[in-house]
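A.B. asks: Use these hints to put chain B onto chain A, whose structure you have.
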Amino acid sequence: MPHVKKTPTRAAAKPEVASAPRPPSLVRRIWDSAVLRGPIVPQSDRDRAFVTVHTLLLHLRPVKVPARAIRFTHTFGLGGASLVLLSLLGLTGLLLTLGYQPVPGTAYESVVGIERDVMFGTLVRGMHHWSANLLVLVMVAHAARVFLTGGYHGPRQFNWVVGVFLLLLVLVSAFTGYLLPWDQLSYWAVTISTGMLAYVPLAGESLQRVARAGTDIGPRTLVVFYTLHTSIVPAILVFALAFHFWRVRKAGGVIVPPPRDGEPVDDEKVMFLPHLLVREAMLALVITAVVVVLAAAFGAPLGDRANPGMSPNPAKAPWYFMGLQELLVHLHPIAAVVIVPAVALLALVLLPYITSDDEPAGAWFLSPRARQAALLAAIIAASWTVVFIVPDAALSSRLPSFSGTTGFVARGIVPLGIIAGVLVALARFVRRRHGLTPNETVQAVVVFLFTAFVVVTMVGVWFRGPGMALAWPWQGGH
Amino acid sequence: MEPDRRRSLRTLWIGLVAIATGQAGWIAASFLRPRRADASAPALFVAGPVDGFDAGSVTAFPDGRFYLVRLEDGGFLALHRECTHLGCTVPWDAAQHRFVCPCHASQFDITGAVLAAPAPRPLDTYAIRLENGLVKIDLSRRQTRQAFDASQVTS
Chain A
1 MPHVKKTPTR AAAKPEVASA PRPPSLVRRI WDSAVLRGPI VPQSDRDRAF
51 VTVHTLLLHL RPVKVPARAI RFTHTFGLGG ASLVLLSLLG LTGLLLTLGY
101 QPVPGTAYES VVGIERDVMF GTLVRGMHHW SANLLVLVMV AHAARVFLTG
151 GYHGPRQFNW VVGVFLLLLV LVSAFTGYLL PWDQLSYWAV TISTGMLAYV
201 PLAGESLQRV ARAGTDIGPR TLVVFYTLHT SIVPAILVFA LAFHFWRVRK
251 AGGVIVPPPR DGEPVDDEKV MFLPHLLVRE AMLALVITAV VVVLAAAFGA
301 PLGDRANPGM SPNPAKAPWY FMGLQELLVH LHPIAAVVIV PAVALLALVL
351 LPYITSDDEP AGAWFLSPRA RQAALLAAII AASWTVVFIV PDAALSSRLP
401 SFSGTTGFVA RGIVPLGIIA GVLVALARFV RRRHGLTPNE TVQAVVVFLF
451 TAFVVVTMVG VWFRGPGMAL AWPWQGGH
Chain B
1 MEPDRRRSLR TLWIGLVAIA TGQAGWIAAS FLRPRRADAS APALFVAGPV
51 DGFDAGSVTA FPDGRFYLVR LEDGGFLALH RECTHLGCTV PWDAAQHRFV
101 CPCHASQFDI TGAVLAAPAP RPLDTYAIRL ENGLVKIDLS RRQTRQAFDA
151 SQVTS
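Protein chains in written order, with my numbering: chain A, 1 to 478; chain B, 1 to 155.
With the rest of the complex left out, here is chain A (with noise of 0.2 Å):
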């Protein structure tokens, strides 16, 4: 055992330290009470290896790790990312709980007084809002690392579930925060997001009154978003984290891509410590100057104090349900909020349990072949959903309403069934001509759809003036 050896290698090449021992300094009985007698600067692999189980967060991690995995392309550490970013919204978010009123007639004025008479109290609120929204992007980049380098099967799978509940916390906590300012902003985009809800067939009506706590946005919404928002949903966040890091632990820690041309093929392993643990403090603390910086230099928004008789133009939801509002625009209600929402959801769940486990994966688009259809199916997404989007917006008034049955065959069941068939024949067509497998064939569908809900996402965010009508970014009104 390491701490048998008083002092280690340096010091035991010295001959004449034969006589008496010296007894242990202040410094050294208060490290050994506090780590187990555990070395202070650890200088051989058999003490970093004790140092690392025998330290409560440390001990989470294993000793050694495969040095191909901790390659930073690999992973590009978003899940660490996510966590830090988490940590950072914990930390901001109970300082700002010392100076928020969740009550419709102060809440507005305590976010003032926040901003304007405490000290830090805009960089404070500022990092909250830029690491929120950073999260939710980093979160879903990660899923898409997880699911471009096939990190989903096998002993991986009930993960990958796990991850896409949390990625849904992670959205209802986004969601939750955004109308306690209680400016025009939030006001209004959550009167949007949850007038949304009010299209769910028969239970609309019911799940709108539960989500706003009422019939209308008011004291009684506000308070149940602030309890959700700093209570519960943080609570059960951190239950659902520990499983997540807990189930990666088990399945051996991330996927192994596989070796690089003239890499030895054989499974090399290094020390955790420092090999992964210095490369993921030196990301954390990136991260955190990445938040600090936006914060100071952009801080968070704040409108006008919500005012229930007068909506902003445009109205907008927050811009992660800006895809949905975008469908909105072009499908019939039930498509666009309930039957799009609910097919993709069920799609990202079962993900893992409708590929085949038995496939090579651990490389970026699972092979070159790949790779090139994942691209050609992104490019024909981006591409096709603009040609759609411009011409549906001018011809609207043309088209058949969304009223009645006519309504919802002509603007819900024929373009979605336009869209099935679009991904059936683009599945057929990148199989055949690229000669995919069967996970890279779902892999090429999963780019195809997902990048164009981030196109749709970005006309509703960037391209939707006054209106909802098309406009561009600079000319204002966004």
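Any given hint could be a false lead.
Stated by the list, open to error - One-sided excerpt, in silico: chain A residues whose CB lies under 10 Å from chain B: (1) Met310; (2) Ser311; (3) His330.
Unchecked claim - Derived CB-CB ranges, DEER-like: (4) Gln146/B - Val390/A: 24 to 34 Å; (5) Ile14/B - Lys269/A: 45 to 55 Å; (6) Ser30/B - Val223/A: 14 to 24 Å; (7) Thr21/B - Gly435/A: 48 to 58 Å.
For the record, the hints were derived by calculation from the structure and aren't laboratory data.
Backbone N, C-alpha and C define an ideal beta-carbon position, used for all residues, glycine too.
C.D. replies: Below, chain B without anything else, positioned relative to chain A:
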């Protein structure tokens, strides 16, 4: 019959646990169920004297969250001010003579009927009573409709 007694005791315990779980679930569900509409809000909103509203006029009542419309024939309609699309507040555009939703460009005519999508149905209405020369609006119940017809007008 020792095993029999054990078995029935076990059944009893499992039953008790099931009942307790059910009760706890019932309490939580009842607690979380949205409450009834605010009873303190006045159900009958007095808008003013009948003669105070010109034919072809639209008057906003922010406190009641509705518009009082007097059609050219003198009939009254009380229109809920929320767009039936996603719940934005719809302002009356006197120049265009229509309601234009700022959020998604839905348009409604003076009777609340849809002129332009994406709104799926006309603006909701409230029942109106004309009593003692006063226009009174019953805000306790909102009425949805699929199209405008003359029976919705009070005169």
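A.B. asks: Against each hint, give a clear statement of whether it holds in the structure.
C.D. replies: Status of the hints after comparison with the structure:
The beta carbon of Met310/A is positioned within 10 Å of a beta carbon in chain B (closest approach about 6 Å), and the interface hint is therefore held. At about 4 Å, the closest approach between the beta carbon of Ser311/A and any beta carbon in chain B falls short of 10 Å, and the interface hint on this residue holds. The beta carbon of His330/A comes within 9 Å of a beta carbon in chain B, closer than 10 Å, and the hint placing it at the interface holds. With their beta carbons about 32 Å apart, Gln146/B and Val390/A fall inside the hinted range of 24 to 34 Å.
Separated by about 50 Å at the C-beta atoms, Ile14/B and Lys269/A satisfy the suggested range of 45 to 55 Å. At about 18 Å, the CB distance of Ser30/B to Val223/A agrees with the hint of 14 to 24 Å. One distance hint, 48 to 58 Å for the beta-carbon pair Thr21/B and Gly435/A, holds here, with the actual separation near 55 Å.
The earlier numbered hints are all upheld by this structure, with none contradicted.
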